[in-house]
Amino acid sequence: MLEINNLKSRIGDTEILRGLSLTINAGEVHAIMGPNGSGKSTLAQVIAGHSDYVVTGGEVNYMGNDLLDLEPEERAREGIFLGFQYPVEIPGVNNAYLLKAAVNAKRKHQGLDEVDAFEFLKCAREKMAALGMDSKFLNRGVNEGFSGGEKKRNEILQMAMLEPRLAILDETDSGLDIDALKAVATGVNNLRAADRAIVLVTHYQRLLDYIEPDFVHVLSEGKIVRSGDKTLALKLEEKGYDWVREAASA
Amino acid sequence: MKRVALSIDELRKAVLRLPEGALTAIRAAALANLDEHGLPTVRHEDWKYTNLDAAIDISNRWLSAGATLASKDSLGESIEAIISSVDANWLVIANGQVDMTYFAETRGIEVVRFSESAAPFVMDRPLADLNAALLHDGLRIRIDAATEKPLGLLVIDESNAGAAVSQASVEIVVGPGCDAEIIEHQSSAGKDDHYGNSVVALQVGQAAMVNYVRIQDRHIGHVQTGRLSVSMGKDSRLKMASYDLGGRLVRNDIDIELGEPGSEITFDGLYLVSDGQHIDNHTRVDHRVGPASSSQEYRGILNGRCRAVWNGKAIVHKGADGTDANQANHNLLLSDNAEIDAKPELEIYADDVKCSHGTTVGQLDESALYYLRTRGLDKRQATQLLTHAFAADLIGRAPVAAAVDAIQSLVEARLADLLQEPAS
Chain A
818 MLEINNLKSR IGDTEILRGL SLTINAGEVH AIMGPNGSGK STLAQVIAGH
868 SDYVVTGGEV NYMGNDLLDL EPEERAREGI FLGFQYPVEI PGVNNAYLLK
918 AAVNAKRKHQ GLDEVDAFEF LKCAREKMAA LGMDSKFLNR GVNEGFSGGE
968 KKRNEILQMA MLEPRLAILD ETDSGLDIDA LKAVATGVNN LRAADRAIVL
1018 VTHYQRLLDY IEPDFVHVLS EGKIVRSGDK TLALKLEEKG YDWVREAASA
Chain B
31 MKRVALSIDE LRKAVLRLPE GALTAIRAAA LANLDEHGLP TVRHEDWKYT
81 NLDAAIDISN RWLSAGATLA SKDSLGESIE AIISSVDANW LVIANGQVDM
131 TYFAETRGIE VVRFSESAAP FVMDRPLADL NAALLHDGLR IRIDAATEKP
181 LGLLVIDESN AGAAVSQASV EIVVGPGCDA EIIEHQSSAG KDDHYGNSVV
231 ALQVGQAAMV NYVRIQDRHI GHVQTGRLSV SMGKDSRLKM ASYDLGGRLV
281 RNDIDIELGE PGSEITFDGL YLVSDGQHID NHTRVDHRVG PASSSQEYRG
331 ILNGRCRAVW NGKAIVHKGA DGTDANQANH NLLLSDNAEI DAKPELEIYA
381 DDVKCSHGTT VGQLDESALY YLRTRGLDKR QATQLLTHAF AADLIGRAPV
431 AAAVDAIQSL VEARLADLLQ EPAS
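From first to last, the protein sequence lines are chains A and B.
Each number in this note's numbering comes from the position in the first sequence (counting from 1) with 817 added on.
Each number in this note's numbering comes from the position in the second sequence (counting from 1) with 30 added on.
In case anyone wonders, no lab produced these hints; they're calculated from the structure.
None of the values given here were measured: they were computed from a predicted structure.
Cβ atoms here follow ideal geometry from the backbone N, Cα and C, with glycine treated the same way.
There may be inaccurate statements among the hints.
Straight-line alpha carbon distances no greater than 30 Å define the calculated DSSO-like cross-link-like pairs of lysine-lysine that follow [unchecked claim]:
1) A/LYS925 x A/LYS953
2) B/LYS409 x A/LYS925
3) B/LYS384 x A/LYS953
4) B/LYS264 x B/LYS384
5) B/LYS343 x A/LYS917
6) A/LYS1047 x A/LYS999
7) A/LYS917 x A/LYS825
8) B/LYS264 x B/LYS78
9) B/LYS343 x B/LYS264
10) A/LYS944 x B/LYS409
11) A/LYS825 x A/LYS999
12) A/LYS1056 x A/LYS999
13) B/LYS348 x A/LYS939
14) B/LYS78 x B/LYS343
15) A/LYS939 x A/LYS925
16) A/LYS825 x A/LYS1052
17) B/LYS78 x B/LYS373
18) B/LYS409 x A/LYS825
Chain A residues, not near chain B, derived (Cβ > 10 Å throughout) [to be verified]:
19) GLY874
20) MET880
21) GLU888
22) GLU890
23) ARG892
24) LEU915
25) ALA922
26) LYS923
27) CYS940
28) PHE954
29) GLY962
30) GLY966
31) VAL1042
All chains should be modelled from the sequences, with the hints used to inform the complete structure.
Written as structure tokens, this is what we have:
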């Protein structure tokens, strides 16, 4: 589904990704771990299409096409979803309105009619209930005045409504209490499917207690320095990131 | 640059041609004032950013063509289109002529026409002089009881036979303890240049509560200068919201006198400005006694080659202790060619006061635009959504419920139009 080959990227004058390669297939859940500044979030933003991150080398192929050619909205309509580490507050833009506009943008791209308003609301309310979100959040401004946990649940709600092919969740676990973490994990686990890939970008192993990854990659200085199964995350938790850095430079 | 001057000789001839009546003496006095002082120029501090050349040019063309008052008969359809969108009791001034046909006599509202009985005018400003000098008729309205429907005041001008000029003058007195809802709508029809000049005086009685909406959606050939003078009684309240959507050159002067203790005013405004437009909002609040509070927030959205001015003055006079004055002005500039001159002015001569002001000028939030795009909305949709969001807050503040739907659709249509222009 996604093939990243020797990807290099910088923001401003700072080189962040320095030759990253990664292949993700449908049905897989990947965890990308690494210390602060290793390039985890940069990777997520480059895949989503943030214009501040300049790609200076390598390629990214998504569903057989050059991903880097596409605008952020085209990537979204092609089924890429990025759950933000810091979801943006947009006062005055109604949450339900955005959800519906997002769903319809994708449906239009697929040649489908706009979603039925009644069905849409019913579906949104069900998914909110499953996430432990009060449906009153539908009528609030997007993330406006939401707590950290509410914002992350809102990201998962958007993901659930958009049913992406490739979901990238950037530090979705940060700032969550245990109930919110469980709710978010349940939301993610419910979306696991044979035709969908999920990438969890996380600093800590904790999230992986609730969402079991098929693969764990460790990022250091803009490259994947180690890949393995879920036991790699446990080892990392036990030995710390210094172990990886040492292993990488050895 | 050679300045254009109003042709006073032609103006005098036009004034003398007006029918004799209750207004004759007032016109003569106004003309004398105008002759002495002239119209303001950019040398006046209050007119630094706005020159009246376009108004003067239209006036001179109209004067030299005989200064006839355009008929109001062809305006029927345009009037009906506007008043059918808001359930109010409408008084109409069409091409400077009072039209009572849409007004239903109602207990609690008394209406007198200036042409029947003209009380002394306050003519303290050149544009008010111009207004009085050329006045055919005007309205004095007294509201003494709450009414089922809001009072609507439609000022509409049409010019189809060359440049034209018209005046509207209205006095509204809201009696003690009375609740009133008022909608003032200034609009236009026709294709030629027009200059409309209006003077509205609002007196809010003791413990009265007034909710006031002002809508201006003139077309791009029209110039408007409008003055609203408000005086607030003891313990009275005023909630006002203004929506400036059209016009080539628009200058609004809002002057509010807080001369009695206990009054509370909020007045907000939204201006949407695009190619070829110049919209200037000058507000002034005189806090003469305390306690009293005033609060205003104006927001502007500008696209294309255009200019807007916001000048908010609050003067807290000596002894006006217990004053609370807040002013805010926020602007969204969608084009490099758009210019905003934003100027808060606070003058404080009392000790125990709370005053604040804040002004921002900016572009759309890039991180919000990107966030929306990662959800599948294209750049245009995302821009529209964020621009609407910026305006939505002020639409929500319209204090007259009967006008909210009309404001919503006017603002949305105007915004869609404004966003058609390529952002540069």
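Hint-by-hint comparison with the structure:
Simply put, A/LYS925 and A/LYS953 have alpha-carbon atoms about 27 Å apart, close enough for the 30 Å limit, and the pair holds. The suggested pairing of B/LYS409 with A/LYS925 holds, with an alpha-carbon distance near 16 Å, which does not exceed 30 Å. A C-alpha spacing of about 36 Å is found between B/LYS384 and A/LYS953, which places the hinted pair above 30 Å, so the restraint is violated. The suggested pairing of B/LYS264 with B/LYS384 holds, with an alpha-carbon distance near 20 Å, which does not exceed 30 Å.
Among the hinted pairs, B/LYS343 with A/LYS917 is inconsistent with the structure: their alpha-carbon atoms are about 43 Å apart, more than 30 Å. Proposed proximity of A/LYS1047 and A/LYS999 is supported: the alpha carbons are some 19 Å apart, at most 30 Å. At roughly 35 Å between alpha-carbon atoms, A/LYS917 and A/LYS825 are farther apart than 30 Å, so this suggested pair is violated. For the hint pairing B/LYS264 with B/LYS78, the CA-to-CA distance comes to about 35 Å; that exceeds 30 Å, so the pair is violated.
For the hint linking B/LYS343 to B/LYS264, the alpha-carbon distance of about 22 Å falls within 30 Å, and the restraint holds. Proposed proximity of A/LYS944 and B/LYS409 is supported: the alpha carbons are some 28 Å apart, at most 30 Å. At roughly 35 Å between alpha-carbon atoms, A/LYS825 and A/LYS999 are farther apart than 30 Å, so this suggested pair is violated. As the CA atoms of A/LYS1056 and A/LYS999 are separated by approximately 25 Å, the hinted pair is consistent with the 30 Å bound.
This hinted pair does not check out: B/LYS348 and A/LYS939 have alpha carbons roughly 61 Å apart, beyond 30 Å. Our distance criterion of 30 Å between C-alpha atoms is met by B/LYS78 and B/LYS343, whose separation comes to about 15 Å. Taking the CA atoms of A/LYS939 and A/LYS925, the gap is near 21 Å; set against the 30 Å cutoff, the hint holds. Our distance criterion of 30 Å between C-alpha atoms is met by A/LYS825 and A/LYS1052, whose separation comes to about 28 Å.
A hinted pair counts as satisfied when its Cα atoms are at most 30 Å apart, and B/LYS78 with B/LYS373 qualifies at roughly 11 Å. The straight-line distance between the Cα atoms of B/LYS409 and A/LYS825 is roughly 26 Å, inside the 30 Å bound, and the hint therefore holds. Interface exclusion of A/GLY874 from chain B stands, the closest Cβ pair being 23 Å apart, more than 10 Å. With a cut of 10 Å on Cβ distances, A/MET880 stays outside the contact zone with chain B, its closest approach being about 16 Å.
Not every CB of chain B is more than 10 Å from the CB of A/GLU888 (nearest about 7 Å), against its label as outside the interface. Not every CB of chain B is more than 10 Å from the CB of A/GLU890 (nearest about 5 Å), against its label as outside the interface. A Cβ of chain B approaches the Cβ of A/ARG892 within 10 Å, the least distance being about 8 Å, so the stated non-interface status is violated. A Cβ of chain B approaches the Cβ of A/LEU915 within 10 Å, the least distance being about 7 Å, so the stated non-interface status is violated.
Residue placement check: A/ALA922 does not keep its beta carbon more than 10 Å from all beta carbons of chain B (closest about 4 Å). Distance check for A/LYS923 against chain B: the nearest CB is about 5 Å away, which does not clear 10 Å, and the non-interface claim fails. The non-interface label for A/CYS940 is consistent with chain B: the shortest C-beta to C-beta separation is roughly 17 Å, beyond 10 Å. Once the 10 Å rule is applied to beta carbons, A/PHE954 is consistent with being away from chain B; the minimum gap is 16 Å.
For A/GLY962, the condition that its CB be more than 10 Å from all CB atoms of chain B holds, with the nearest at approximately 14 Å. At the 10 Å boundary, the C-beta of A/GLY966 stays outside the reach of chain B, the nearest C-beta of that chain being 19 Å off. Every beta carbon of chain B lies more than 10 Å from that of A/VAL1042, the smallest distance being close to 28 Å; the non-interface claim holds.
Checked against the numbered hints listed earlier, the structure breaks hints 3, 5, 7, 8, 11, 13, 21, 22, 23, 24, 25 and 26; every other hint is satisfied.
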